[in-house]
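Novice: For reference, the chains in residue letters:
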Amino acid sequence: MAKILVIDDEELARFTVRKYLMSAGHSVIEAKDGLEGLALQDKDPCDLVITDIIMPEKEGLETILELRQADSGLPIIAISGGGREGYSDYLEAARPFGANCSLAKPFSQDDLLSAVESCLSKTS
Amino acid sequence: MLQRRLDDLTRLVSDWVWEIDSGHRLTYVSDRVFEVLNFHPYELVGRRFGDFGTFAPDSGRQLRSGWRSPFRDLVFETKDRNGRARIFLVSGLPIFNRETGAFEGARGTAEDITDRKRMEAELLRHQNMESLGGLAGGIAHNFNNLLLPILGLSTKTLEALPRPSEERENMEMVVQACERARDLVDQILAFGLRTEIKRDNIDIHVIVQESMALARTMLPKAVSLTENLDPTTGVVFADAAQIGAVIMNLISNAVDALDGGKGEVSISLSQVVFDKGKGDVPLDSKPGPNARIRVEDNGKGMDEETRKRIFDPFFSTKKVNKGTGLGLSSAYGTVTRHDGAIDVSSRLGEGTTIDVYLPIVGRGGD
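Protein sequences appear in the order of chains A and B. Here my numbering is used: the first residue of the first sequence is 1, the next is one more, and so on. Here my numbering is used: the first residue of the second sequence is 125, the next is one more, and so on.
Here chain B stands alone, though its shape is the one from the complex:
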């Protein structure tokens, strides 16, 4: 009776249940592990936790007693069969021989908190973007006030200087620098000001096609641009100019990521359907049909730390004066203001894929 009750509970709980022996090797793993890691229990039995993942440093310290003390909510990071990161909270109790008191192992549970962690990270990013947006607007306002006399009076002085003269040459440099500063402030404002979006029902295929045509005229010859666009993807409720700018931005970043300026960038457009709570649904995305604009490159890729930061305002891996660090954060802002989502996957040395999702509101290709 007791065994049956335990079996039923083990099958029902959303955590997976485990047991280890005195050598810390798994002797039992509940079937639930297959649903979260796509591994059969028999594939994990005989292995130690450390063989297929790592405990967070703080958590690891709590295990110094060699699993001989009860522990709760230790963060364990691993990867599922498809290589996707999964995070668990592991809790357990030691097992001691009732007669000899010898340590015989431990048993406990592992709760999947991957989605919660992802949501926390996204929420933090949202909050950062909001506060930085306000800050950016405030800074831009003060800068523009200062740029009026700097740029205005430098230009007036420049016009009054004789040509050619060293003074005029110097003043031309001052004016050029001011103009660059003004352009930078414009970009900061574009990031911070939440430009009014003029949305309409538009065929996403048309926007992507137009952006591709524009991109082709601007790309270096060494870059091969390929496309795979489904004309029936659908109609989205969007500001065509802003979504076009996002696509151009992503293409431009993909080209910049190519090693030595050579390589391939591919754009695809298709419809995907998100079922809430099932599969890998990008956070922020709306359930139902979505247009997916995918921009892929086979460039240098990025490590996990860089990937986490690429939407942060002013974060740039480009050389000084080559990028403001606002392009991708602006793209992120635009997409989320369109009720969409943006997702990045990348491997160092292998390239990057950025997916933009926009909710579909009607049939396309008509």
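Extracted from the complex, chain A is given alone in its bound form:
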């Protein structure tokens, strides 16, 4: 089972994602924005990072870019509820920045767990 860092400014979103991940036996570390997430990952690296895109302090795309620069093999999943330009744009933009895959909120437990499995298997 993996140790997963979840970065999202929405506490309710983090809570839900944690429940999803723990049901599959993963352990979860939480960060409320990109800045906190990068610091946690630097101090105690996780096996996979799930990050929201639109966040205060440090945006998700910037966070993904810095995570990727620090670790080229780290599996990263981008999540987003959409935005002014629509979620498809943001989630599509996440890939060139370094995300392995992306999910549009609201996603189901099955959606998330299969994305996690797929990312972990490709990078293991």
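Check the hints yourself; a few may be wrong.
Footprint (simulated), chain B over chain A, 3 or more residues, beta carbon under 8 Å [as the list claims (entries may be wrong)]: (1) 1-13; (2) 101-110.
What the simulated footprint calls covered on chain B by chain A, stretch by stretch (three residues with Cβ under 8 Å from a Cβ of chain A suffice, anywhere in the stretch; the number is not a length) [what the hints assert, rightly or not]: (3) 264-271; (4) 276-290.
In case anyone wonders, no lab produced these hints; they're calculated from the structure. The structure displayed is predicted, hence computed values, not measured ones. All C-beta atoms in this analysis are idealised placements derived from N, C-alpha and C, irrespective of residue type, glycine included.
Knowing the structure of chain A, use the given hints to seat chain B on it.
Specialist: Chain B alone, transformed into the frame defined by chain A:
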């Protein structure tokens, strides 16, 4: 000399010139009126302005003096011979007898501002759509963030509840409601997000034919769907899926407009050529050859107020839960993003016609 100069000017100015007598009846109308209203001057002479149109309420108040004071830019609405609305700005000066001072009438001009008014209305609609698009995207983002825990945790709770049980039944309703909310947010996003359009040169006849085939499989039996498609209409630069969705949307709205679910919906496809500045060219349309997709129904039609609002986001005449009010505004957004135009005409009780225009970029039917 003076008379000749006046005659020349009257003939040259784009406004039409008028004169009324002390009883407010027209005694003179310049020839120019024929070009804007399609009425000969002699058909209007002897009539009052109020016999063939109305002054806007604010303008009407200024005429309370019985045309005895100078006035400027009063809004006058009328219809041309073909029943199309025309709007004028009427200005005038009173005429008094030089010796007795008695009121003898008035004379002035009427400027046609129909196109300007239409453009102002369209511009306002564009601005509203733009700002609402941004707002819709923002709302959808926040809703999706909230829907993640609501839908996700309700589903997890539902799975843990024993079956059958009242609690499980209740939770199933919660999940169903969440799923409907998610679908609604998807539609809001589709409206607000300016989905990337993947355009290609495609034969418009093929798109319309495919949409018709799909529509036929979904229509109630009581609805008669007829078509008149010109296969040589032309090639347009468009996203086939999005234009197909627009056509389906218009057909679906036409069917919904049928009284008691019975009636006729007809689709036609043809080429029209717009010459800038001539005739009734729909605003937003490009000059030159355009494909015109016309969807007509003989349903209940709509009044002018409804017609003005049908492309407004979230405006719906359908019953609660039957429509989101986003279908036609999405269609409007798609068509304008394809450099096209969309035009609606309708009469209450007689049906509605919606025309979609897309610029033609090449020959069709090859």
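Novice: Count the residues of the segment 101-110 of chain A whose CB lies closer than 8 Å to any CB of chain B, then report whether that count reaches three.
Specialist: Since three or more residues must qualify, the claim that chain B covers the segment 101-110 of chain A holds, with 6 doing so at under 8 Å.
Novice: Are there three or more residues in the segment 264-271 of chain B whose C-beta lies within less than 8 Å of some C-beta in chain A?
Specialist: Since 8 is at least three, the answer is holds.
Novice: With a cut-off of 8 Å between beta carbons, are at least three residues of the segment 1-13 of chain A near chain B?
Specialist: holds (count 3)
Novice: Using C-beta distances, would you say chain A covers the segment 276-290 of chain B, given that this needs three or more residues below 8 Å?
Specialist: holds (count 4)
Consistency with the previously given hints is maintained throughout, with no hint failing.
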